[in-house]
Amino acid sequence: MIKTFTRNEMIRFFYNEMTDDESTEFKRVLNENPGFRNEYSDFLSNLKNLDKIMLAPPKRVIKSILDFSKHFDQSKERV
Amino acid sequence: MENNIISNNISDVRLILLYKHGNEEGFSKLVNRHKARIYTVIYLIVKDKFVAEDILQEVFMKVVTHVKTGKYDERGKFLPWVLRIAHNMAIDHFRKVKRRPEVVFEDGNSVINSLNFSEDDAETEQIRKDINARVRDLIKRLPDNQRQVLIMRHYIGMSFQEIADKTGVSINTALGRMRYALINLRKELTKHKIAYDKNFYPE
Chain F
1 MIKTFTRNEM
11 IRFFYNEMTD
21 DESTEFKRVL
31 NENPGFRNEY
41 SDFLSNLKNL
51 DKIMLAPPKR
61 VIKSILDFSK
71 HFDQSKERV
Chain Z
1 MENNIISNNI
11 SDVRLILLYK
21 HGNEEGFSKL
31 VNRHKARIYT
41 VIYLIVKDKF
51 VAEDILQEVF
61 MKVVTHVKTG
71 KYDERGKFLP
81 WVLRIAHNMA
91 IDHFRKVKRR
101 PEVVFEDGNS
111 VINSLNFSED
121 DAETEQIRKD
131 INARVRDLIK
141 RLPDNQRQVL
151 IMRHYIGMSF
161 QEIADKTGVS
171 INTALGRMRY
181 ALINLRKELT
191 KHKIAYDKNF
201 YPE
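Residue numbers (this note's numbering), protein chains in the order written: chain F, 1 to 79; chain Z, 1 to 203.
I should point out that these hints are in silico values taken from the structure, not numbers from a laboratory.
It is possible that part of the hints are untrue.
Claimed, not checked - Each computed SDA-like pair below joins lysine to any residue, with the alpha-carbon atoms no more than 25 Å apart:
1. F/K52 with Z/L79
2. Z/K20 with Z/V51
3. F/K70 with Z/K71
4. F/K48 with Z/Y180
All chains, full assembly: derive it from the sequences and hints.
The following block contains the structure:
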């Protein structure tokens, strides 16, 4: 029987939450089982979507944060 | 102390150190390096651009106050620390809003399309914006417990054990919620025929 892994285990592998032994076994199966490799690749492409949606806040917000820091009055905070 | 020219490769630890010694450029680098991830986490929780902007400012005000008054604990990592502050503040806001009667904004939908992106370009950028807005919208519409785990694990970097502890469920439940979040996301992307063109997103 060809060894494979569940979606939960794929998730744990992706996020580096497997033990060293589990991780080694996962990589071995990935190398030896093309079907599983395709499945994992499909899983990865879905996860990659999550990194493509980052938003940048407006410049005025960043300016306001940096201004707050520049004009921060330490003495007022030490009560 | 280093002045205005700070290398892009400098570590967060070093930047914090510079900032503690009064170098505002160090703080500016930190803010610009991590602003998108922090803002995205907040936005995905509160689902409102303007509220997310306010919370982002509050988060960094807290950072400034901690560092400048010597309360910042240098043993931890900067980004996970800030992300947790952001997460907690966004959840607090989310809870407050949920307790109030629901208010529907007339321009609710336009918010998604009017967001700013890290990079600006012409036509391809517009296509990318449209697709990304759609994915973001799909994440926002995930069931609360699935969206929560997805944000905590993927964007904040908490382990499943930490998520389980924080949300009062078992690791397997947290993992299951993540799995369902990804399945739902995939299902919706397929249903709406949303696909990332490799011309825009080379592997």
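Structure-based check of each hint:
| no. | hint | result |
| --- | --- | --- |
| 1 | F/K52 with Z/L79 | holds, 19 Å |
| 2 | Z/K20 with Z/V51 | violated, 29 Å |
| 3 | F/K70 with Z/K71 | holds, 18 Å |
| 4 | F/K48 with Z/Y180 | holds, 16 Å |
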